[in-house]
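Throw the hints in and build the complete structure from the sequences for me.
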Amino acid sequence: MSRTNIIALLIFGAILGYFLSFGPESTRKFKAGVYQLIAPFLTGGSGLQKQITSVRTGLKSLEQLERENAALQVENRTLRATNQGLRDVEHEVNRLRHALNYRERSVFKLIAAEVVTRDSSTWWRTMTIDRGKRDGIETDMPVATDVGLVGKVTTVSDSISVVLLISDENCKVAASIEGSREQGIASGERVIAGLNPFLNLNFLSKQADLKPGQKVYTSGVGGVFPSGLLIGAVKTFRVRELDGQAQLTPAVDLSHLEDVFVVTGRK
Amino acid sequence: MIFFFLLVVLVLIAQIAEFFIPALPWLYNAHVYIVPVIVFYGAMALPFPLMLALALYAGILLDVLTVQVIGGKVEISMGSSILLYAVLAGFMHGLRPLFARGRWEVHCILSGICTSLIVLTQYLMITFRRGSLVFTREIWWQIGGPGLIAMAMAPILFWFLQWMGRVTAYSYLPERGRFE
Numbered sequence: 022m023s024r025t026n027i028i029a030l031l032i033f034g035a036i037l038g039y040f041l042s043f044g045p046e047s048t049r050k051f052k053a054g055v056y057q058l059i060a061p062f063l064t065g066g067s068g069l070q071k072q073i074t075s076v077r078t079g080l081k082s083l084e085q086l087e088r089e090n091a092a093l094q095v096e097n098r099t100l101r102a103t104n105q106g107l108r109d110v111e112h113e114v115n116r117l118r119h120a121l122n123y124r125e126r127s128v129f130k131l132i133a134a135e136v137v138t139r140d141s142s143t144w145w146r147t148m149t150i151d152r153g154k155r156d157g158i159e160t161d162m163p164v165a166t167d168v169g170l171v172g173k174v175t176t177v178s179d180s181i182s183v184v185l186l187i188s189d190e191n192c193k194v195a196a197s198i199e200g201s202r203e204q205g206i207a208s209g210e211r212v213i214a215g216l217n218p219f220l221n222l223n224f225l226s227k228q229a230d231l232k233p234g235q236k237v238y239t240s241g242v243g244g245v246f247p248s249g250l251l252i253g254a255v256k257t258f259r260v261r262e263l264d265g266q267a268q269l270t271p272a273v274d275l276s277h278l279e280d281v282f283v284v285t286g287r288k
Numbered sequence: 050m051i052f053f054f055l056l057v058v059l060v061l062i063a064q065i066a067e068f069f070i071p072a073l074p075w076l077y078n079a080h081v082y083i084v085p086v087i088v089f090y091g092a093m094a095l096p097f098p099l100m101l102a103l104a105l106y107a108g109i110l111l112d113v114l115t116v117q118v119i120g121g122k123v124e125i126s127m128g129s130s131i132l133l134y135a136v137l138a139g140f141m142h143g144l145r146p147l148f149a150r151g152r153w154e155v156h157c158i159l160s161g162i163c164t165s166l167i168v169l170t171q172y173l174m175i176t177f178r179r180g181s182l183v184f185t186r187e188i189w190w191q192i193g194g195p196g197l198i199a200m201a202m203a204p205i206l207f208w209f210l211q212w213m214g215r216v217t218a219y220s221y222l223p224e225r226g227r228f229e
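These protein sequence lines are chains A and B, in that order. Counting from 22, one number per residue, gives the positions in the first sequence under my numbering. Counting from 50, one number per residue, gives the positions in the second sequence under my numbering.
No wet-lab data here; the hints were simulated from the structure. Beta carbons: idealized from backbone N, C-alpha and C, even for Gly. Honestly, I wouldn't trust all of these hints.
Straight-line C-alpha distance at most 20 Å; calculated DMTMM-like pairs for lysine to aspartate or glutamate [what the hints assert, rightly or not]:
1) Lys227(A) / Glu262(A)
2) Lys122(B) / Glu262(A)
3) Lys232(A) / Asp264(A)
4) Lys193(A) / Glu124(B)
5) Lys50(A) / Glu124(B)
6) Lys130(A) / Asp280(A)
7) Lys122(B) / Asp161(A)
8) Lys130(A) / Glu89(A)
9) Lys122(B) / Glu190(A)
10) Lys122(B) / Glu46(A)
11) Lys288(A) / Asp161(A)
Listed next, with one range per pair, are the computed distances between beta-carbon atoms [claimed, not checked]:
12) Gln211(B) / Leu117(A): 43 to 53 Å
13) Phe54(B) / Asn26(A): 16 to 26 Å
14) Lys71(A) / Phe54(B): 25 to 35 Å
15) Phe177(B) / Val260(A): 24 to 34 Å
Below you can see the structure in the form of structure tokens.
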């Protein structure tokens, strides 16, 4: 091995040792710093992705139009494009109006945020939102929509934050069940088989007679999630050797999130 | 050196692009990983010190963008991906003689295997932390799927990076004569 290679290996070893010595707080800070650096690329990429999706939707409509009436194709294409643009605006207006209404009637103090990116890795369910430290976001703040709980903030940089979704195995939420005194811990599954994830509600009593459709809310135990946020509904219940376990359908469609709220406290 | 910096930029672009590529529902939600294919090409094309630098850079990016700090605990410590990339890239670097002979299949097959190995190692590490080692069909596909996708992408990226090397007048293997 040449002298240059040995020196390179030594430098590499030293840097590797430096990173391996990182504790949770240093990791969080380093992660936040890198996220801050790449934040413009992520937000820019998100905008580009939305435009591409919009164009693709438009092309699908054109195919249908061609089949329906070949003679009016050109005229229809123009009208279609105009309508598509207007529909996008209408959809946006409705979405924002809906969000604004929720924020006004909610009992929580909320900060609205837009989803920038979703899962980028196989084993962690996360998403990135366009709000950070300068908007008052802090680690462990719950994230929700008008429908229910989404997850909690794990990393915060100045203008961007990472949210751990409730479908992740590591996001554990103390939960109570509507019409019952049962309490348990809801968390995601390690691997999602289909398009829609399910949650597991563990540590229920064996006698808990849960019915499909019963709603599950945050209980407020543990201090991270305030009580009263809808988590999902019971799908199935089974008795295990030591406890009962329910499978839940999340209230929020986690794969199609566009806007969320970060819960900063109660009003 | 220009070629090395271009690879560094490409790794960053690929890492950001991975954020916007959704998981493939028809392949049991397998994710698309582009970065390893570029890094393993660099491992075969670059000299040893630059190969280490590229592995370090890609490992830091992977750690930063995937590792989660939850409740004061880190599941996979910072640096583990650097080590993983360095070991795998070091192995690929040892196959430079085959690369020198223009054997693109070596890069293609090993990129696939190494990509799956990265995902498998991550899975084993989180399993060690969380407990209950399970291997269902979905898990095997989520480990093997990214490897298969990487294998499918590898020839295109190989061709593109070879072209980029020619454009930047990068002398791939000064020691080529030794291998031929």
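Can the restraint linking Lys193(A) and Glu124(B) be considered satisfied, given a maximum Cα separation of 20 Å? holds, 15 Å
For the range 25 to 35 Å, tell me whether the beta carbons of Lys71(A) and Phe54(B) fit it or not. Given a distance of about 31 Å, which is inside 25 to 35 Å, the answer is holds.
Are the Cα positions of Lys122(B) and Asp161(A) separated by 20 Å at most? Roughly 13 Å between the alpha carbons, so the hint for Lys122(B) and Asp161(A) holds.
Does Glu89(A) sit within 20 Å of Lys130(A), going by the straight-line distance between their CA atoms? violated, 50 Å
Hinted pair, alpha-carbon criterion (20 Å max): Lys122(B), Glu46(A). Please report holds or violated. holds, 9 Å
Given the hint that Lys50(A) pairs with Glu124(B), does the C-alpha gap stay at or below 20 Å? Roughly 16 Å between the alpha carbons, so the hint for Lys50(A) and Glu124(B) holds.
Lys122(B) and Glu262(A): Cα distance at most 20 Å? Not OK: Lys122(B) and Glu262(A) at ~30 Å, beyond 20 Å, violated.
Quickly compare the C-alpha distance for Lys232(A) and Asp264(A) to 20 Å and report which way the hint goes. holds, 17 Å
The hint says 24 to 34 Å between Phe177(B) and Val260(A); measuring C-beta to C-beta, is that right? holds, 29 Å
Could one say that the CB atoms of Phe54(B) and Asn26(A) fall in the range 16 to 26 Å? Between Phe54(B) and Asn26(A), where Cβ atoms are some 21 Å apart, the hint holds.
Quick one, are Lys130(A) and Asp280(A) close enough, alpha carbons at most 20 Å? holds, 16 Å
Compare the distance between the alpha carbons of Lys122(B) and Glu190(A) with 20 Å, and conclude whether the hinted pair is satisfied. Status holds; Cα separation ~14 Å.
Taken one by one, the earlier hints fail for this structure at numbers 2, 8, listed in ascending order.
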